[in-house]
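Protein chains in written order, with the working numbering: chain G, 9 to 208; chain S, 2 to 336.
Simulated from the structure, these hints should not be mistaken for laboratory data. Treat each hint with caution, since some may be false.
Cross-link-like lysine to aspartate or glutamate pairs, in silico, DMTMM-like; alpha carbons within 25 Å at most [what the hints assert, rightly or not]:
| id | chain 1 | residue 1 | chain 2 | residue 2 |
| --- | --- | --- | --- | --- |
| 1 | S | 315 | G | 145 |
| 2 | S | 257 | G | 63 |
| 3 | S | 257 | G | 15 |
| 4 | S | 133 | S | 123 |
| 5 | S | 257 | G | 13 |
| 6 | S | 315 | S | 284 |
| 7 | S | 196 | S | 263 |
| 8 | S | 257 | S | 237 |
| 9 | S | 196 | S | 250 |
| 10 | S | 196 | S | 179 |
| 11 | S | 257 | S | 60 |
| 12 | S | 196 | S | 237 |
| 13 | S | 257 | G | 145 |
| 14 | S | 133 | S | 172 |
| 15 | S | 315 | G | 63 |
| 16 | S | 133 | S | 171 |
| 17 | S | 173 | S | 200 |
| 18 | S | 173 | S | 154 |
Label pairs and their computed distance ranges (CB to CB) [claimed, not checked]:
| id | chain 1 | residue 1 | chain 2 | residue 2 | range |
| --- | --- | --- | --- | --- | --- |
| 19 | G | 149 | S | 281 | 37 to 45 Å |
| 20 | S | 240 | G | 63 | 38 to 46 Å |
| 21 | S | 283 | G | 64 | 25 to 33 Å |
Residues on chain G that point at chain S, a partial pick, calculated with CB under 7 Å [said to hold, decoys possible]:
| id | residue |
| --- | --- |
| 22 | 21 |
| 23 | 46 |
| 24 | 51 |
| 25 | 53 |
| 26 | 54 |
| 27 | 120 |
| 28 | 123 |
| 29 | 124 |
| 30 | 142 |
| 31 | 145 |
| 32 | 163 |
| 33 | 174 |
Even glycine gets a Cβ: it sits at the ideal position worked out from N, Cα and C.
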Amino acid sequence: MSAADRERTRWFLRNILPHEPALRGWLSRAAPAGVDPDDVIQESYTILAELETVDAIRHPRAYLFQVARSVIMRHVRRARIVPIHTVDDLERLEQPETAASPEQYAIDRDELRQLARAIAAMPLKTREAFVLRRVRDMPQREIAARMRISENTVETHISRGILFLIDWFGRGGNRRPQTSRTLEAEIASIDGRARNQSRH
Amino acid sequence: MAERETSRDIDQAASDWTARLDRGPLTPEGEDAFQAWLRGDPRRRGALLRARALSLMSESAQALGPGFDPVAFEAPLESRRSRFAGLSRRQALTWTGGAAAAVAVTALGVGLPAAGAVISTERGEIRLAPLKDGSTVLLNTETRIRVRYSQGERLVTLLEGEAYFSVARDEKRPFVVEVDGRRLSTAQAGFRVRKLDADPVDVLVNQGQVDVAASPTANGVALKANTQLALSGPAERPRPVGPEAVTRELAWRDGKLAFEGESLDQAAAAFARYSDTRIQIRDPALAREPVTGLFAANDPAGFSRAIARVFDAKVEQEGGDVVLTRGAPRGAGAH
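Here chain G stands alone, though its shape is the one from the complex (with noise of 0.2 Å):
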């Protein structure tokens, strides 16, 4: 990651990021029919990503909404059918809440103990390779020797761990169901296949 990069990134973080379960809460009311949360949030990120400079931004919680809108906007107008309602929708689009909400302070009172909870979370082989990465700074060369496993493997599970922290944090601490109890079993199996292929 270059240093401007990682500046971004981090400057998300700080800024941004505490306030998806936020801006997920408002846009699964007010959005219109047909517009996935989602795509809207990644959509708005990948703005974020592209601007020339954040310094102007005074107001993250404002800008973000107001980013999310325009997304919304462009959806709008790209489609063929523009039902009646979302005329109605999109005024509603108008006062985003934007006010500070308390769980914009809470994420960063307690983020090391709720990444804690994120990590002890996590389905057991994926929590081993994430602890001996994150918390023990160990390179993924060096757990694949040490858990016996493939590079590969690592690889994945620290994938799967940055899946799950994105369930965890962009959901206020809910994460998708599925994501852990099926994963343990799923990378086992791509486990077996890699061990099977570098043995011929």
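We have chain G already, so just place chain S on it with the hints.
Then chain S, alone, in the frame of chain G:
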């Protein structure tokens, strides 16, 4: 036309790329594939930003310390359900592997502190220590505690520094913090105790109730949530504090320092606890300027740059220190 990718697929791919980049630099072909992926859909760059941000955030897990034991943070009900209830045969098979992994992860840590164990942090380090009853202690920079659990009580001595205690409820076995010969006891509470050289010991109750035992010079008192008490002897009185002030006082738990109107030299002194880099303020008027904001405790240089922008000052590096000046360029006034 190909089916439109779901946001979930994109999150998965973004996590994969983030993990790939975490493993090491991309090959030229990998870089091409990565750029091609980014261009493919307007949602992807945003999803990648989020995945990277969470990956970056998870780096702060290092603050949990090598003794971190994830088992202590499992939600009890949920883990019971997902581990033991209704396992299919296939899941049961993977569970066997999982059990071995759980043991391995637990063994990674130094384990739970034994009786009389001393836990400490270096300058700039923040560390979470889980105790065997489910309570936790978060140690701030340059802090030492000793843990001695017995049948009758859960005794922790604060030898120096600052710690936040999250006490698991046990009515029969009080949790006691001993500091400078004073005893603070509770059945369940979240509270901060600070013992620094210069100041009297300071207790701040965030949640629950803490009983402060009497001493030869001071009466006993029960501290409720949002109350602060400096153990200063005959004149000591509990003071109510607002929730915002509590949040500020405890900002160090996230590796941050919060100020609201403290003078710049006070803020510089607060940073000195966390880093060997000193902030020197050469201009007395500048040193008295009030500071407000939330800053990363381990980044005195970043703080100084932010301050310089606000107060129109200049930042210079001098050896290991950061020097803040204001007004005419340094040197010009002396001639």
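Okay, the hints, checked on the actual structure:
1. 315/S with 145/G: Violated. Residue 315/S to residue 145/G sits at ~36 Å, over the 25 Å cutoff.
2. 257/S with 63/G: holds, 21 Å
3. 257/S with 15/G: This hinted pair holds, its Cα atoms lying about 18 Å apart.
4. 133/S with 123/S: With a Cα-Cα distance of about 23 Å, the restraint between residue 133/S and residue 123/S holds, given a limit of 25 Å.
5. 257/S with 13/G: holds, 22 Å
6. 315/S with 284/S: holds, 11 Å
7. 196/S with 263/S: holds, 20 Å
8. 257/S with 237/S: Outside the cut-off at roughly 29 Å; violated.
9. 196/S with 250/S: holds, 14 Å
10. 196/S with 179/S: With a Cα-Cα distance of about 11 Å, the restraint between residue 196/S and residue 179/S holds, given a limit of 25 Å.
11. 257/S with 60/S: Holds, at about 15 Å.
12. 196/S with 237/S: Distance of about 16 Å is within 25 Å: holds.
13. 257/S with 145/G: holds, 22 Å
14. 133/S with 172/S: Distance of about 16 Å is within 25 Å: holds.
15. 315/S with 63/G: holds, 20 Å
16. 133/S with 171/S: Between residue 133/S and residue 171/S the Cα gap is close to 13 Å, so the pair holds against 25 Å.
17. 173/S with 200/S: violated, 34 Å
18. 173/S with 154/S: holds, 8 Å
19. 149/G with 281/S: 37 to 45 Å: holds, 43 Å
20. 240/S with 63/G: 38 to 46 Å: holds, 40 Å
21. 283/S with 64/G: 25 to 33 Å: holds, 32 Å
22. 21: holds, 4 Å
23. 46: Holds, about 4 Å.
24. 51: holds, 5 Å
25. 53: holds, 3 Å
26. 54: Since the shortest Cβ distance to chain S is 3 Å, the answer is holds.
27. 120: holds, 6 Å
28. 123: holds, 6 Å
29. 124: holds, 5 Å
30. 142: holds, 4 Å
31. 145: This hint holds: residue 145/G lies near chain S, its Cβ roughly 6 Å from the closest one there, short of 7 Å.
32. 163: holds, 5 Å
33. 174: holds, 6 Å
Checked against the numbered hints above, the structure breaks hints 1, 8 and 17 and satisfies the rest.
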